[in-house]
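*Asks:* Per the numbering used here, the very first residue in the sequence shown carries number 7; after that it's consecutive.
There's no promise every hint is true.
Unchecked claim - If you anchor each label on the Cβ, the simulated ranges turn out as follows:
id : residue 1 : residue 2 : range
1  : Ala33     : Asn67     : 55 to 65 angstroms
2  : Gly83     : Glu51     : 29 to 39 angstroms
3  : Asn88     : Arg56     : 25 to 35 angstroms
4  : Ser85     : Val14     : 13 to 23 angstroms
5  : Asn67     : Phe27     : 53 to 63 angstroms
6  : Gln75     : Ala20     : 56 to 66 angstroms
7  : Ile42     : Gly78     : 37 to 47 angstroms
8  : Ala22     : Pro63     : 40 to 50 angstroms
9  : Arg64     : Ser86     : 16 to 26 angstroms
10 : Pro79     : Ala33     : 44 to 54 angstroms
11 : Lys18     : Glu51     : 36 to 46 angstroms
12 : Glu29     : Glu55     : 31 to 41 angstroms
Hints in this document: simulated from the structure, not taken from any laboratory. From the three backbone atoms N, C-alpha and C, an ideal C-beta is built for every residue, glycine too.
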Amino acid sequence: LIGGMHSVTQQKHARALRAAFRESPEALGDLVMSIIVHAMSEDAELEAERSLDDERPRFSNVICSSCGQKFGPGAAGFSSCNDHIGRRVRLFDEA
Numbered sequence: 007l008i009g010g011m012h013s014v015t016q017q018k019h020a021r022a023l024r025a026a027f028r029e030s031p032e033a034l035g036d037l038v039m040s041i042i043v044h045a046m047s048e049d050a051e052l053e054a055e056r057s058l059d060d061e062r063p064r065f066s067n068v069i070c071s072s073c074g075q076k077f078g079p080g081a082a083g084f085s086s087c088n089d090h091i092g093r094r095v096r097l098f099d100e101a
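Model the full structure from these sequences, guided by the hints.
*Replies:* Here is the structure:
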């Protein structure tokens, strides 16, 4: 359950789990659910951050290495003009 957590967090949760186990089965169940919900919310936050990062362009201005045309923000440039046929060229007055 807590194997994927940071070692300090593992130690903290292990102490809390031992104490809850000694207290009662209900306390242990409540603590386990609390840890699971906390871990799931952290995973959801990390996934949301990753998805936002994926939506942003990796480079501020991609170009074609063959002809030198600039295409603005993008994830990758072009090595051949055939790769960007049909793609709109960024105009100088566009921000």
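*Asks:* All hints, please: hold or fail.
*Replies:* Results for each hint:
1. Ala33 x Asn67: 55 to 65 angstroms: 58 angstroms, holds
2. Gly83 x Glu51: 29 to 39 angstroms: 32 angstroms, holds
3. Asn88 x Arg56: 25 to 35 angstroms: Roughly 32 angstroms apart at Cβ, these two residues keep to the hinted range, so it holds.
4. Ser85 x Val14: 13 to 23 angstroms: 47 angstroms, violated
5. Asn67 x Phe27: 53 to 63 angstroms: 59 angstroms, holds
6. Gln75 x Ala20: 56 to 66 angstroms: 59 angstroms, holds
7. Ile42 x Gly78: 37 to 47 angstroms: Given a distance of about 44 angstroms, which is inside 37 to 47 angstroms, the answer is holds.
8. Ala22 x Pro63: 40 to 50 angstroms: 44 angstroms, holds
9. Arg64 x Ser86: 16 to 26 angstroms: For Ser86 against Arg64, whose Cβ atoms are near 19 angstroms apart, the range 16 to 26 angstroms holds.
10. Pro79 x Ala33: 44 to 54 angstroms: 53 angstroms, holds
11. Lys18 x Glu51: 36 to 46 angstroms: 19 angstroms, violated
12. Glu29 x Glu55: 31 to 41 angstroms: 36 angstroms, holds
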